[in-house]
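Student: As a plain string of letters, each chain reads:
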Amino acid sequence: MINRFSAEIATATLTAGLGLTAVIGALEFGIGWGDAGPEPGAFPFYIGLLVVAASAGNLFQTITHRHGLQSVFLDREQAVRVASFLIPMVAFVVIARLLGLYVAAALYLTFVMRVQGKYRLITSAASGIGAAVVFYLVLEVGFQVPLLKGPLEAALGLY
Amino acid sequence: MENFASLLHGFGVALTTYHVTLMMIGVLLGILVGVLPGLGAPNGVSLLLPLTFTMDPVAAIILLTSMYWGALFGGSTTSILFNIPGEPSSVATTFDGYPMARQGQAAQALTLAFLSAGFGALMGVILITILSSWVAKFALRFSSPEYFAVYFLAFASFVGLGAASPFKTIVSMGLGFAFAAVGMDTVSGGLRLTFGFNELLSGISFLIAVIGLFGIGELVLTMEEGLHFDGIKVRVRARDVVKTIATLPRYWMTLLRSSAIGCWMGITPGGPTAASFMSYGLAKRLSRRKDAFGHGEPEGVVAPETADHAAGSSAILPMLALGVPGSATAAVMMGGLMIWGLNPGPMLFIERPDFVWGLIASMYLGNIVAVLMVLATIPLFASILRIPFAIIGPIIVIVCFIGAYTVAGRPFDLWLALLFGVAGYLFKKLDYPIAPLVLAMVLGDKAEDAFRQSMIMSKGSLSIFWSNGLVATLMVIGLALAFGPALSTLASRLARPKTSSVAA
Numbered sequence: 001m002i003n004r005f006s007a008e009i010a011t012a013t014l015t016a017g018l019g020l021t022a023v024i025g026a027l028e029f030g031i032g033w034g035d036a037g038p039e040p041g042a043f044p045f046y047i048g049l050l051v052v053a054a055s056a057g058n059l060f061q062t063i064t065h066r067h068g069l070q071s072v073f074l075d076r077e078q079a080v081r082v083a084s085f086l087i088p089m090v091a092f093v094v095i096a097r098l099l100g101l102y103v104a105a106a107l108y109l110t111f112v113m114r115v116q117g118k119y120r121l122i123t124s125a126a127s128g129i130g131a132a133v134v135f136y137l138v139l140e141v142g143f144q145v146p147l148l149k150g151p152l153e154a155a156l157g158l159y
Numbered sequence: 001m002e003n004f005a006s007l008l009h010g011f012g013v014a015l016t017t018y019h020v021t022l023m024m025i026g027v028l029l030g031i032l033v034g035v036l037p038g039l040g041a042p043n044g045v046s047l048l049l050p051l052t053f054t055m056d057p058v059a060a061i062i063l064l065t066s067m068y069w070g071a072l073f074g075g076s077t078t079s080i081l082f083n084i085p086g087e088p089s090s091v092a093t094t095f096d097g098y099p100m101a102r103q104g105q106a107a108q109a110l111t112l113a114f115l116s117a118g119f120g121a122l123m124g125v126i127l128i129t130i131l132s133s134w135v136a137k138f139a140l141r142f143s144s145p146e147y148f149a150v151y152f153l154a155f156a157s158f159v160g161l162g163a164a165s166p167f168k169t170i171v172s173m174g175l176g177f178a179f180a181a182v183g184m185d186t187v188s189g190g191l192r193l194t195f196g197f198n199e200l201l202s203g204i205s206f207l208i209a210v211i212g213l214f215g216i217g218e219l220v221l222t223m224e225e226g227l228h229f230d231g232i233k234v235r236v237r238a239r240d241v242v243k244t245i246a247t248l249p250r251y252w253m254t255l256l257r258s259s260a261i262g263c264w265m266g267i268t269p270g271g272p273t274a275a276s277f278m279s280y281g282l283a284k285r286l287s288r289r290k291d292a293f294g295h296g297e298p299e300g301v302v303a304p305e306t307a308d309h310a311a312g313s314s315a316i317l318p319m320l321a322l323g324v325p326g327s328a329t330a331a332v333m334m335g336g337l338m339i340w341g342l343n344p345g346p347m348l349f350i351e352r353p354d355f356v357w358g359l360i361a362s363m364y365l366g367n368i369v370a371v372l373m374v375l376a377t378i379p380l381f382a383s384i385l386r387i388p389f390a391i392i393g394p395i396i397v398i399v400c401f402i403g404a405y406t407v408a409g410r411p412f413d414l415w416l417a418l419l420f421g422v423a424g425y426l427f428k429k430l431d432y433p434i435a436p437l438v439l440a441m442v443l444g445d446k447a448e449d450a451f452r453q454s455m456i457m458s459k460g461s462l463s464i465f466w467s468n469g470l471v472a473t474l475m476v477i478g479l480a481l482a483f484g485p486a487l488s489t490l491a492s493r494l495a496r497p498k499t500s501s502v503a504a
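In order, the protein sequences belong to chains A and V. Each residue of the first sequence is one higher than the one before, counting from 1 in the UniProt record's numbering. Each residue of the second sequence is one higher than the one before, counting from 1 in the UniProt record's numbering.
Do not take every clue at face value.
[Stated by the list, open to error] FRET-style restraints, in silico, Cβ to Cβ:
id	chain 1	residue 1	chain 2	residue 2	range
1	V	Ile368	A	Pro146	43 to 51 Å
2	A	Glu28	V	Gly469	53 to 61 Å
3	V	Pro485	A	Leu158	53 to 61 Å
4	V	Gly281	A	Asp75	31 to 39 Å
5	V	Ser458	A	Ala79	50 to 58 Å
6	V	Leu479	A	Glu28	31 to 39 Å
[Said to hold, decoys possible] Chain V side only, calculated, beta carbon under 7 Å to chain A, not exhaustive:
id	residue
7	Ala5
8	Ser6
9	Ile170
10	Asp185
11	Ser188
12	Gly189
13	Ile384
14	Ile387
15	Pro388
16	Ala390
17	Arg410
18	Phe412
19	Leu414
20	Arg452
21	Gly460
[As the list claims (entries may be wrong)] Cut-off 20 Å, straight-line C-alpha distance, at most; resulting in silico cross-link-like pairs (EDC-like, lysine to aspartate or glutamate):
id	chain 1	residue 1	chain 2	residue 2
22	V	Lys137	V	Asp240
23	V	Lys459	V	Glu199
24	V	Lys428	A	Asp75
25	V	Lys459	V	Asp449
26	A	Lys149	V	Glu146
27	V	Lys429	A	Asp35
28	V	Lys459	A	Asp35
For the record, the hints were derived by calculation from the structure and aren't laboratory data. Model, not experiment: these values are computed from the prediction. In this text, a Cβ means the ideal position worked out from N, Cα and C, and glycines have one as well.
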């Protein structure tokens, strides 16, 4: 179980880190006055500082209101639900990079329907493949927008 | 009168079979994204945008704005039938809409919602017709410092008027500006903030951010809450519709008041969500039937719906005339305009009058088309929500990632969308506002250019932002908006030191 206090602290630290990254990145390009006005790093530098300062403000507010923030941010049941949604989604992205979006889409829909929807494998697989075909027809044929493809499309000669 | 002639010309542009067909497709797609959880107006428009890159700008903007109207209507539908707001701006509609539906008045509630929404939108469009060319003419006097002041004003009002903690608003906004700065620097043409990653050379697209933050983030949140849709079955019969139309004039005061609130909040970046809540609150306070609110009072449906749509449509005005969008969806559309090679702002009225007035005319037509179509198709769309989430959820995920890929055809964007999705989930749970981030990503380069050009004009002195009456006024209003609420809290705390008020 995660409480709201830790979640606030973690997020504020993260945003401060992003702000700091912008500040450090900007220093490389000069933050002063160049031949053509302010140098390219100037604007990101001050924006980064602003983010760091506001994150510090958030940290300060979180710590001073610590007692009001002991509520549950994420309980065990919710965490399981979020994980069961996020993990297949991450797998979908990984597979999409390797095998292309169509194959990944078909596998992903099949998996979720079978495991989380408790549908029969044949129904799930048919829906998955059907969805991939519909996406192909709408995007590649209808709008002529090419999607990321993999070895299967190459084998079928769909380029 | 000049505007009226331009508008008639605009109708000539908008009223072709092709454009009306596009309106119908747009509205249908819009209702679909409005009804589906996790998809809303901003990311519906983001998903569709890459498909319009090859279209003519007039046709493309008609498709996108129609989708926007449809999404607003779809959001109200789920509020009334399922007690699930499809859009943040239709939360207030659930207060009385859902009780009405439970009492067997679903058809009346829907009809009232759609008609008052249509009325509100119409008021917004009329406002645009009257004011836009005037605002644009005024804005022709702006140069870089004034533009920077207008952007400052827009972001200051987020900080001061937003419901979230001002620090969280600033973090969200600052991150937006930082993301916008990644990649090519528009002034010097050099690369920056890429940290050696080739993938970051062409920058981070705001469309990816919107798809991740609004789409995937929202889906994760929906999953976490566990899904159970207890929808109310509805049949919209023509007789009920006609009967309900007859009761509409009874609410004329609410309609006018809510439109006024909506238009104001739409032009200033208060946005549709704030407008609908404010309008609901006022209607309740001023009503003679206060106690009926929350238990199925028709006026409680009319007020937020009118304001929501009035704000939604009038948010287009500052986008067109000044280049400062009034809502997240308007920001996405403005990004679209820039991708099509159009430069939103006063020059657009001079360079592309056919585009501007065609768009405005299409907003009249689009809303009428939307009201008719939504009334005709709503039972169909309501049944979509009865499809189990194990099927519809992954399909929405796939659509989001396909949308992210089509933006630029870069596989790296899939990872970015995923990261933004997780960030969106965290931000939503911790009450960080997302709209300022999107606005900052769209306006980032323009705001930076305005700032740098002002600095060049003044040789590095910040005093240029106080150099004439116009820019000084804008800056003072901006500062007042940003710091006013904080100062008044501080003052009241100093006056009564014992009460520990929490600055939310």
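Student: Next, verify each hint and record whether it holds.
Tutor: How the hints compare with the structure:
1. V:Ile368 to A:Pro146: 43 to 51 Å: 37 Å, violated
2. A:Glu28 to V:Gly469: 53 to 61 Å: 40 Å, violated
3. V:Pro485 to A:Leu158: 53 to 61 Å: 57 Å, holds
4. V:Gly281 to A:Asp75: 31 to 39 Å: At roughly 33 Å between Cβ atoms, aspartate 75 of chain A and glycine 281 of chain V fall inside 31 to 39 Å, so the hint holds.
5. V:Ser458 to A:Ala79: 50 to 58 Å: Check passed, 54 Å falls within 50 to 58 Å.
6. V:Leu479 to A:Glu28: 31 to 39 Å: 32 Å, holds
7. Ala5: Result: violated, 37 Å to nearest chain A Cβ.
8. Ser6: 33 Å, violated
9. Ile170: 4 Å, holds
10. Asp185: It holds, given that the least Cβ distance between aspartate 185 of chain V and chain A is near 4 Å, below 7 Å.
11. Ser188: Holds, because the Cβ-Cβ distance from serine 188 of chain V to chain A comes to roughly 5 Å (cut-off 7 Å).
12. Gly189: With a minimum Cβ separation of about 9 Å from chain A (threshold 7 Å), the hint on glycine 189 of chain V is violated.
13. Ile384: 15 Å, violated
14. Ile387: 10 Å, violated
15. Pro388: 6 Å, holds
16. Ala390: OK, holds: alanine 390 of chain V within 7 Å of chain A, min 3 Å.
17. Arg410: Constraint on arginine 410 of chain V not satisfied, violated at 9 Å.
18. Phe412: Violated: closest Cβ of chain A sits about 9 Å from phenylalanine 412 of chain V, beyond 7 Å.
19. Leu414: 5 Å, holds
20. Arg452: 5 Å, holds
21. Gly460: Hint on glycine 460 of chain V: holds, closest Cβ of chain A at ~6 Å, below 7 Å.
22. V:Lys137 to V:Asp240: Answer violated: lysine 137 of chain V to aspartate 240 of chain V is near 46 Å, above 20 Å.
23. V:Lys459 to V:Glu199: 35 Å, violated
24. V:Lys428 to A:Asp75: Holds: lysine 428 of chain V and aspartate 75 of chain A sit about 17 Å apart, inside 20 Å.
25. V:Lys459 to V:Asp449: Holds, at about 15 Å.
26. A:Lys149 to V:Glu146: Violated: lysine 149 of chain A and glutamate 146 of chain V sit about 48 Å apart, past 20 Å.
27. V:Lys429 to A:Asp35: Between lysine 429 of chain V and aspartate 35 of chain A the Cα gap is close to 45 Å, so the pair fails against 20 Å, i.e. violated.
28. V:Lys459 to A:Asp35: 11 Å, holds
When each numbered hint is compared with the structure, violations occur for hints 1, 2, 7, 8, 12, 13, 14, 17, 18, 22, 23, 26, 27.
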